[in-house]
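Chemist: This is what each chain is made of:
There are 2 protein chains.
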Amino acid sequence: MLEKISFSEMGLRVQEPVIVDLMVRSLGNPDILDLAVGFTSNETLPTEEVSRALSLLAEKTASNPEYLQYGTNQGRPLLRELTANMIAGFANEKIPDLSHNNVLITNGSQQALYLAAQVLCNQGDILFVENPTYFVFLELLRGLGITAISMPTKENGRIDFDKLSLVIDELEEKGLKKRIKGAYFVSYFANPSSRSLPLEDKIAIGLTFKNKDLIIPIIEDAAYRNLYYKHPYAACSMLSLPELKDFPILYLGTYTKPLASGMKIGFGYCNHKEWLNKLLYVKGHHDFGSANFSQALIETFLKEGWFPHHLQRQHEHYGRKAASFHQALIDEKFHEMGWKWDKPEGGLMFWLRGPHHLDTSIGSEFCESCIEEGVLYVPGDLNIAERNPKNCIRAAIGTMPDNRLREAVHRLATVAKLFL
Amino acid sequence: MLEKISFSEMGLRVQEPVIVDLMVRSLGNPDILDLAVGFTSNETLPTEEVSRALSLLAEKTASNPEYLQYGTNQGRPLLRELTANMIAGFANEKIPDLSHNNVLITNGSQQALYLAAQVLCNQGDILFVENPTYFVFLELLRGLGITAISMPTKENGRIDFDKLSLVIDELEEKGLKKRIKGAYFVSYFANPSSRSLPLEDKIAIGLTFKNKDLIIPIIEDAAYRNLYYKHPYAACSMLSLPELKDFPILYLGTYTKPLASGMKIGFGYCNHKEWLNKLLYVKGHHDFGSANFSQALIETFLKEGWFPHHLQRQHEHYGRKAASFHQALIDEKFHEMGWKWDKPEGGLMFWLRGPHHLDTSIGSEFCESCIEEGVLYVPGDLNIAERNPKNCIRAAIGTMPDNRLREAVHRLATVAKLFL
Numbered sequence: 008m009l010e011k012i013s014f015s016e017m018g019l020r021v022q023e024p025v026i027v028d029l030m031v032r033s034l035g036n037p038d039i040l041d042l043a044v045g046f047t048s049n050e051t052l053p054t055e056e057v058s059r060a061l062s063l064l065a066e067k068t069a070s071n072p073e074y075l076q077y078g079t080n081q082g083r084p085l086l087r088e089l090t091a092n093m094i095a096g097f098a099n100e101k102i103p104d105l106s107h108n109n110v111l112i113t114n115g116s117q118q119a120l121y122l123a124a125q126v127l128c129n130q131g132d133i134l135f136v137e138n139p140t141y142f143v144f145l146e147l148l149r150g151l152g153i154t155a156i157s158m159p160t161k162e163n164g165r166i167d168f169d170k171l172s173l174v175i176d177e178l179e180e181k182g183l184k185k186r187i188k189g190a191y192f193v194s195y196f197a198n199p200s201s202r203s204l205p206l207e208d209k210i211a212i213g214l215t216f217k218n219k220d221l222i223i224p225i226i227e228d229a230a231y232r233n234l235y236y237k238h239p240y241a242a243c244s245m246l247s248l249p250e251l252k253d254f255p256i257l258y259l260g261t262y263t264k265p266l267a268s269g270m271k272i273g274f275g276y277c278n279h280k281e282w283l284n285k286l287l288y289v290k291g292h293h294d295f296g297s298a299n300f301s302q303a304l305i306e307t308f309l310k311e312g313w314f315p316h317h318l319q320r321q322h323e324h325y326g327r328k329a330a331s332f333h334q335a336l337i338d339e340k341f342h343e344m345g346w347k348w349d350k351p352e353g354g355l356m357f358w359l360r361g362p363h364h365l366d367t368s369i370g371s372e373f374c375e376s377c378i379e380e381g382v383l384y385v386p387g388d389l390n391i392a393e394r395n396p397k398n399c400i401r402a403a404i405g406t407m408p409d410n411r412l413r414e415a416v417h418r419l420a421t422v423a424k425l426f427l
Numbered sequence: 008m009l010e011k012i013s014f015s016e017m018g019l020r021v022q023e024p025v026i027v028d029l030m031v032r033s034l035g036n037p038d039i040l041d042l043a044v045g046f047t048s049n050e051t052l053p054t055e056e057v058s059r060a061l062s063l064l065a066e067k068t069a070s071n072p073e074y075l076q077y078g079t080n081q082g083r084p085l086l087r088e089l090t091a092n093m094i095a096g097f098a099n100e101k102i103p104d105l106s107h108n109n110v111l112i113t114n115g116s117q118q119a120l121y122l123a124a125q126v127l128c129n130q131g132d133i134l135f136v137e138n139p140t141y142f143v144f145l146e147l148l149r150g151l152g153i154t155a156i157s158m159p160t161k162e163n164g165r166i167d168f169d170k171l172s173l174v175i176d177e178l179e180e181k182g183l184k185k186r187i188k189g190a191y192f193v194s195y196f197a198n199p200s201s202r203s204l205p206l207e208d209k210i211a212i213g214l215t216f217k218n219k220d221l222i223i224p225i226i227e228d229a230a231y232r233n234l235y236y237k238h239p240y241a242a243c244s245m246l247s248l249p250e251l252k253d254f255p256i257l258y259l260g261t262y263t264k265p266l267a268s269g270m271k272i273g274f275g276y277c278n279h280k281e282w283l284n285k286l287l288y289v290k291g292h293h294d295f296g297s298a299n300f301s302q303a304l305i306e307t308f309l310k311e312g313w314f315p316h317h318l319q320r321q322h323e324h325y326g327r328k329a330a331s332f333h334q335a336l337i338d339e340k341f342h343e344m345g346w347k348w349d350k351p352e353g354g355l356m357f358w359l360r361g362p363h364h365l366d367t368s369i370g371s372e373f374c375e376s377c378i379e380e381g382v383l384y385v386p387g388d389l390n391i392a393e394r395n396p397k398n399c400i401r402a403a404i405g406t407m408p409d410n411r412l413r414e415a416v417h418r419l420a421t422v423a424k425l426f427l
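One line per chain: the protein sequences are A and B, in this order. The opening position of the first sequence corresponds to residue 8 in our numbering, with each subsequent residue numbered one higher. The opening position of the second sequence corresponds to residue 8 in our numbering, with each subsequent residue numbered one higher.
Calculated from the structure, these hints are not laboratory results. Treat the hints with care, as some may be off.
Note: identical chains are not told apart, hence a pair may lie in one copy or across any two.
Below, simulated DSS-like cross-link-like pairs (lysine-lysine); rule was C-alpha separation at most 30 angstroms, straight line [unchecked claim]: (1) 310 <-> 67; (2) 280 <-> 217; (3) 347 <-> 170; (4) 424 <-> 350; (5) 11 <-> 185; (6) 11 <-> 184; (7) 11 <-> 101; (8) 397 <-> 424; (9) 184 <-> 161.
Predicted, not measured: the structure shown is a model, and the values here were computed from it.
Please model the entire structure based on the sequences and the hints provided.
Modeler: Here is the structure:
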């Protein structure tokens, strides 16, 4: 009889993600169409390039195959250089003192989020997040005992800076202003909203926080920036904005989404030396360096100049899927049923807002009916710090082919009709 | 001018590992011989097998190249099954209810150590460790604010269970017994001691803790178990011992050391469902799954039956190096200079114990002289929770060829002669 364990506070706090429960329950239905899982498409994975990259590596390092050996904690220097240049290569970027020394390579950008939260926040500290925001980030914050607070939004989904100022005032009145340790933005073709953060909003972020004497670390999550359909989003990163030049900024990106999710390689670019060092020290404890092998392959991929062509294939693929999904929503009369959504210009997500009275949360009648009908989604409330409102749906379009995406929309519509 | 950051307690606590400072300072000397870095040998990396594995994967999954796609948080089922069977395949193993459901795949076994510490310990909690023990584990515990306490050892390096009972009594008197949250053992060809934990000691661990009514989680780190030179070490894992059947056990292993460190894939086998789940929940926050690509390659490697042959190559390689290093120590008169060491029967480490008066710590005259002479080692005190004694050295033999290993010993001897 195994002894019961007396777990740490954190051990007690962490629970099975509710989304796992949803997925496990849906396993009974082999025909289920999964709009919940944020995978990329298997169709556009760079299989040939990866094989070619390995051949090149094996050839070039025949006498010293360092690509299969441990690398460094911070990541391969050339990969970091190519990464810094890739970020700086977007239109309108003017990153001061651009250097590969500011880059760290991580196990997907997810790990960088975890590291950032660990070194910034004690239990009970506060991070500002968007509404909606990336739901796994909300989960990891809960695991660490950190409080996420949504920045208020306007009807059009953009941040309401006047109200944000009021929120800061309220926190100050409660003696909580000093617990605000940072702010998190998913700024390009966001998961889940599909929106991008306009330049003027980035500038307003700086002004608003500065006005409140709150020059806090900013995490800019640009995981989907490369996955535009037609054009990159025009706004530069926060790293390049003079209005934000006093702010410690950790800009995150990834090679998992646009290149190969199976390699799980992401990156951070940090303009603040001390913060970067803290991230690296904790990474040294997590794993002392992300897989050097994956890094070497991606480095080769970039160095050989294969990335632009590969991205073009991705852009066309996801652009076509998004158009098809959007059209299916129109054809299935979602507008007429009182639903709203933006047509994404990049990324893998649709953020569907149902009628106000609707409850899409786990265990809701709507959700149960969808499982019965054979379609899965991520309930919108999981993407919102306060778990409210509950009338939205995150639908990911990465994995399924067009015909199945259209069938998924049809099943959603079948259920939506019952909840008018 | 960038704003100063108000870091979390953890962010404040983490510091640059002292060993980094040592390495950076030695960069000035391009001829330095590095006995500090625990890398494996580039000579025995399975370059051909990895290329073949990728070809096989690409061929078999041509229409659905899932190996480049995200995997699951827990790890590939077949890899977990092959891993469970690999552990169970060692002589004398009788793991109750063996199942791949008890396996989790991690970013090296390092990540499993981190996860285990996170879910077991609050700040100020206590973990028992060996003396000496794996120094990166000590560092990560410091980062998390966890107190490591060395279990007392006898002159021959084995755990002194009578004294351990006294240590537990003392902690109880101080009201700290309830803060003891687990015990950590590196049980096969250990880093750094090169020793293995005898069966009778494993049994005594169970008896000693049980006598003190302290049935705490045990972490058994078997990272070097596959790297024996002639024969696997005979003792079974703690998972198989009836005397430990009440104890929650997390057994750790890795494919980095014996297969390819660049892939950074390790694993844990946990006999305690709730503990395993907690580890998985936090892993979901860290990265929601280790690189599926590396996992798929290693899975292929195992499935195709290439592992035994590859291991044999490793055994011969490291056995030869260890014999050569051992002989060099004898030839350079280390015994006569009052040094002691065990001749390893596996692993990558020599644990050299100098004369009692010697101080090998960072900044010591001995250490500085070694850097000047062109040889680096890990100071022994870094491998000991209490940073005492200071007369030992961890020498890793994985990377350098024989002639350089012998030259490194010669340089060490040159310095040792000055400190008789």
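Chemist: With reference to the structure, classify each hint as holding or not holding.
Modeler: Here is how each hint holds up against the structure:
In this assembly of identical chains, the alpha carbons of residue 310 and residue 67 lie at most 30 angstroms apart whether taken from the same copy (14 angstroms) or from different copies (28 angstroms). Taking the shortest Cα distances, residue 280 and residue 217 sit within 30 angstroms of each other inside one copy (21 angstroms), while across copies they are farther apart (49 angstroms). Taking the closest pair of Cα atoms, residue 347 and residue 170 come within 30 angstroms of each other only inside a single copy of the chain (24 angstroms); across copies the shortest separation is 70 angstroms, beyond that limit. Taking CA atoms no more than 30 angstroms apart as the test, residue 424 paired with residue 350 passes inside one copy only; the shortest distance there is 22 angstroms, against 76 angstroms between copies.
In this homomeric assembly, residue 11 and residue 185 come within 30 angstroms of each other (Cα to Cα) only across copies, at 14 angstroms, whereas the closest approach inside a single copy is 38 angstroms. With identical chains, the CA atoms of residue 11 and residue 184 are at most 30 angstroms apart between copies only, with a shortest distance of 16 angstroms across copies and 40 angstroms within one. Taking the shortest Cα distances, residue 11 and residue 101 sit within 30 angstroms of each other only across copies (23 angstroms), while inside one copy they are farther apart (56 angstroms). Taking the shortest Cα distances, residue 397 and residue 424 sit within 30 angstroms of each other inside one copy (18 angstroms), while across copies they are farther apart (75 angstroms).
For a Cα distance limit of 30 angstroms, the shortest separation of residue 184 from residue 161 inside one copy, 23 angstroms, qualifies, whereas the shortest one across copies, 54 angstroms, does not.
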